[in-house]
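> Input sequences plus hints: build the corresponding full structure.
For the record, the sequence lines run as chains E and X.
Read in order, the letters of the first sequence correspond to residues 1 to 151 in our numbering.
Read in order, the letters of the second sequence correspond to residues 152 to 231 in our numbering.
Just so you know, not all the hints are guaranteed correct.
In silico EDC-like links for lysine to aspartate or glutamate, alpha-carbon gap of 20 Å or less [claimed, not checked]: (1) Lys62(E) to Asp211(X); (2) Lys62(E) to Glu208(X); (3) Lys62(E) to Glu221(X); (4) Lys158(X) to Glu54(E); (5) Lys128(E) to Glu57(E); (6) Lys120(E) to Asp44(E); (7) Lys120(E) to Glu208(X); (8) Lys120(E) to Glu57(E); (9) Lys189(X) to Asp147(E); (10) Lys153(X) to Glu217(X); (11) Lys128(E) to Glu170(X); (12) Lys120(E) to Glu65(E); (13) Lys158(X) to Glu57(E); (14) Lys128(E) to Glu165(X); (15) Lys120(E) to Asp211(X); (16) Lys74(E) to Asp7(E).
Just so you know, the hints here were simulated from the structure itself, not pulled from any lab data.
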Amino acid sequence: MASDMSDFAISHQGIDVPAFRASLEDVTSGACLVFEGWVRNHNDGRGVLRLAYEVYEPLALKEGELILQEAMSKFEISRAKAIHRAGELALSEPAVVVGVASSHRDAAFRACRYIIDEIKQRLPIWKKEYYADGNTEWVNCQHCAQDPVPK
Amino acid sequence: MKSVFVKWFAAYREATGIEAEPVSTSASTPAELFLELKGRHPRLASSRGALVAINQEMADWETPIEAGDEVLFFPPVAGG
Numbered sequence: 001m002a003s004d005m006s007d008f009a010i011s012h013q014g015i016d017v018p019a020f021r022a023s024l025e026d027v028t029s030g031a032c033l034v035f036e037g038w039v040r041n042h043n044d045g046r047g048v049l050r051l052a053y054e055v056y057e058p059l060a061l062k063e064g065e066l067i068l069q070e071a072m073s074k075f076e077i078s079r080a081k082a083i084h085r086a087g088e089l090a091l092s093e094p095a096v097v098v099g100v101a102s103s104h105r106d107a108a109f110r111a112c113r114y115i116i117d118e119i120k121q122r123l124p125i126w127k128k129e130y131y132a133d134g135n136t137e138w139v140n141c142q143h144c145a146q147d148p149v150p151k
Numbered sequence: 152m153k154s155v156f157v158k159w160f161a162a163y164r165e166a167t168g169i170e171a172e173p174v175s176t177s178a179s180t181p182a183e184l185f186l187e188l189k190g191r192h193p194r195l196a197s198s199r200g201a202l203v204a205i206n207q208e209m210a211d212w213e214t215p216i217e218a219g220d221e222v223l224f225f226p227p228v229a230g231g
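Here it is as structure tokens:
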């Protein structure tokens, strides 16, 4: 099935979820699933105030498009789209949306799950959390940096 | 020795203090290159869970690197 311009996008502004849902409309589909990932106020027991996403766009766009194409070929679905945020986000803002339309619901559920799981593992996107205690941290990166070893 | 161009992202950029650097190296893979660069950047720690891209394509840590390559080091990703 031919895809509209680009089905995967990075947005520097708030995601318009109703418009995103509308862009999935398709008369051959009997199921539509829209998953929203939101900014929550806690992580690992720490209070989170807000967060920022850094995105390496050239590769995130390419890999994101590839994930959607994989979902289109693995599952019996008619549409697959996703948008991921970049920049600073407040609590409860959508950080990512994944939308799938298909003839029947089972394929839509499985495709949606596949897409969000692959997005989390493969896209060059990093999340920095700002905590209530004043600290900040890159998520998943406890082992990335260390204090210099004393000579 | 060959010349490559290295780019650092997110936590790695903060650990190295730079976004990009030309590197003269005898490393033949990104894994070897990362180890070598740890010597130059004392705050750079582990590549555990990290991803690497060469010339704008996702690559393997054992992919051979060649003179003129652009090597991107991506710390563990956390999208979604």
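> Please flag the earlier hints that this structure goes against, numbers listed from lowest up.
none
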